[in-house]
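S.K.: One letter stands for each residue in the lines below.
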Amino acid sequence: MTEAPVIRTEGLTKAYGRRVALFDLDLEIEQGEVFGYLGPNGAGKTTTLRLLAGMLRPTSGRAQVLGQDAWRCSVAVHRRMGYLSGEPALYDRLTGREHAAYLGFLRGNVAPKRVEELSARLTLDLDRPSRELSRGNKQKLALVLAMMSAPTLLVLDEPTSGLDPIAQQDFHQILREHTDGGGSVLLSSHVLSEVQRVADRVGVLRSGRLVAVERLDELRSKSLHHVQAQFSEPIALEVFADVPDLVDLGVSDNSMTCSAPQSALDRLLKRVCQHQVVDFECVEAELEETFLTYYGTDEDRGEGGDHAA
Amino acid sequence: MLRSVLLKTLRDQRRSLLAWATSIVLLVMMYGSFFPSIRHMPSMNDYLNQMPEALRSMFALSGADISTPTGYVQIELLSFMGPILVILYAVSAGNAAVAGEEDRHTMDLLLANPISRTRVVLDKLGAMIIGILLLTTVTGAALLLSGPLFGLTVPAGKATAAMLHLGLLGLVFGALALAIGAATGRTGVSRGVPAVAAVLAYMVNGLAPMVSWLEPFQTFSPFYQYVGHDPLHNGVSGSAVAVSVLTIAGLAVIAIWGFRRRDVLA
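Chains as they are written, first to last, in numbering that gives the first Met the number 0: chain A, 0 to 308; chain V, 0 to 265.
Okay, chain V solo, but in the shape it has when bound (with noise of 0.2 angstroms):
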């Protein structure tokens, strides 16, 4: 585990994926758990349906029927809670890349070995690419063996399509804080920056159908790249995945051009 930047990289985060992992399935399980309850209560429904529509936006509740395994999923896993767990861990893994590493000063010991900054950041991003594929891949696999002991039985090939776009998301979250740190070096703003943006994106796609003037921007937000097309219901979206791979792979040239052309931070 310790022949290059990247399996290093992934021992480093063996404890806290770990956890991650854990928790995921614990959550899925425990969502899946209440759903016989909760499909037999026809005034859910109607009890969502009364919400402020502003707020049904918000959590992806519009359209979605709580009765029915794929509208239980989307609501509980992929609305919120999903988001905030992948987007948390890609975070926290993209300010650890570079900034973190300069922040426990072991930058120089790393970068005076025949490895160039390039390498550095292409070996942190895949460690972070494998994390978020390890975690959507529990994350789904949970969902897909757990569920139908509690009759929440959703299409395998759907559920895969919503984990790739749930994954997609976090990613580019994650490079973004990836980017941040690598050309600053300041672990600060390469943790605050992505969190903010994500909040704002969340509440741009959420908003967006009922305030005009953010409409336009909707198609921006990786939530709507994420979760715009309703991937439970209609799998991946070829474009979907395309601005998100485009995305990711610039912030990563811009990670790159950063971090070559600055000094390390002693």
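So that you can see chain A by itself, here it is in the shape it has in the complex (with noise of 0.2 angstroms):
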């Protein structure tokens, strides 16, 4: 049991009508993993997320989640996993501490302890109705009400969205102490950044199809470098053509400019070594664009502000 995957998908597939939302997904997150769930809206994250959930019936293919049927065993597989939703609604007339109060007796295993404990650290008003609240409130709420059974699974669609950072840092610390305790976590997210501070492993999905699945460590050693090098005489474009893995590659007079991956670096400085330098700069890009430059499509790498936000 220990050993089983947490999560386990098997060419799950939902299709709304002839639209297919996701295609064939093989997914695994082991036991004590974060696994950030990465892709512009509209990829099927949420559609994934809400399989997992037994909200959605699979077109075809399964997922097991605790090692249960995520659809068929829904009840049982709930007992153990805290599941926040995309866009969480709330009832509008209840308090904080009255929805914790109504949906810790279905859940039948909630210390109202935990509770203040959770909205403490996040510091939510518990007695306010729940319309009254700001929208980083409520999914302050909503995050409370997912976490307060301490259940062995998390799978969170957007956790941070309308978190201000602060709250943003206490739900990851919380996020830790989970993990710390044996728990697992998916989470969503369309920002890299804020996946990369807790994931393990990040796995991206892009119209419904899954792209890649890596370790957030193996994706820092492709961290793309932004390198700018000056020479005192004009340079061939030829100098720098059998360096390996160089993207957006530039040569005009005297200078080059070029992106290259952690592993290209020691290659593209002999090369520039060979020549006199006047000035050079090495800058390391933030690990969104390195994903996109690998993940991406052209459009998400365009100058236009047309980036899935």
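The hints are all genuine.
Not close to chain A: a few residues of chain V, all C-beta gaps over 10 angstroms, as computed:
id	residue
1	SER22
2	PHE33
3	PRO41
4	MET50
5	GLU52
6	SER66
7	LEU84
8	SER91
9	SER145
10	THR152
11	ALA155
12	LEU206
13	GLU214
14	TYR223
15	VAL235
16	VAL244
Some, not all, of what chain A presents toward chain V, calculated at C-beta under 7 angstroms:
id	residue
17	MET54
18	ARG56
19	VAL74
20	ALA88
21	ALA100
22	PHE104
In short, the hints are calculated from the structure, not lab data.
Heads up, the beta-carbon is just placed ideally off N, CA and C, and yes, glycines get one too.
Since each chain comes alone in its own frame, lean on the hints to assemble the complex.
M.R.: Following this line, the structure appears as structure tokens:
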């Protein structure tokens, strides 16, 4: 049991009519792992998470969560799983405390102390009706409700959306404690910078297909560096032709610019040193950019503001 | 009040149930207060008898003597206003049960807990039954307690029977709303279809005595189960209760089956 993956999907596919929202997903998430599920809006992240939460019925394939079928055994699965929906809706007239009481009774294993502790850490007022809460506080309440029963697995759809940076840090700390205790997390996001702080592995979803799964530390070794060099005399493009994996290599008169993965830096530097250098600059790019370079489409890398934000 | 889906549902309805109950009591008392003046108007029955037969039939007037307490209650309360109020409550409760919760996007929050969809449907149905029981009890009590003030005395047993059948009438349409909402998740159809169905059932039952091609359908109308046997005179009809209860149970099964097999709308 302990060795079995916490989540395992096989050929998981979901179609709405003729539109395929998720295609043939094979994914395994191990115990104690934080898995970041990345992709632009509409890529199928929410569909995946709602399939795992038993809200959606798979068109084909299957999803096992905590060793049981996510659709057929949803009640048993939910006993040990906390789920945060993408745009959490609450009961307008109930206060935070009433939400916790109601859902706590339905869960059956919630310690009121845990609710108080979580909301204190996230600085959430439990005594106000949810309709009076700001967007960020609603999100905090929904997070408390998802985590209050100390479930083995947390499935969180965009958990930090609407949270201020301090609350995000507090939330990440809570996640760390959760995994230290052997718990697992699947969280989705559309920004890598957010996921990179907490995730052990990331999966990238694009148009309903899982295009990559990487360990975050491996991804870091691929991290791009923006390199700029000024030489004392004009330089030829061919000088750098045999350096592998360079991106956006450009040469004009005395200067060269390019982006290089960490692994290519050594070869690149040696080429540069064969000539007289006037100035040299090497800056590590945001992980975001690295990511898009490898897995993005051309549009994602385009200058326009059309990033999937 | 937050210890189960059933109790939470009743808690959500507490204000509206109070409003419904208050308006029903006021309505019953208002009708009661008119009775002394109407019972001494011999021309009232003549006037009613002069109305077109179709109209009299639609308002369940045929055979009822408005100068007697039983006839008056039958005409004023049971033929039209009573059913309208109870059906309105039931359909709104049935609609809110599953489709309404989905429409407000709180179904994900509810179903993320270890609770089955079957249980959600049954709890919501249970809350609706309790709500209707409350409304019909209040109606019956208002009639029996305030009626005698105006000389409007009806036998308690017969009034109770009429309230039972009135409650079952409401439940049939409430269960229809619940079933449609549970099977589709759409509030538009789960409100609209039962409303149209209620109007049609009302017309079929009212017009069947005069329109020969409608006659075979009359016994299928929930309104026929409700007043076809004249409960204020004849008490409870076992067969009418059985048909209503089976209809409600059948709709509950459809609701569970429909909800268990589909996606929860985001």
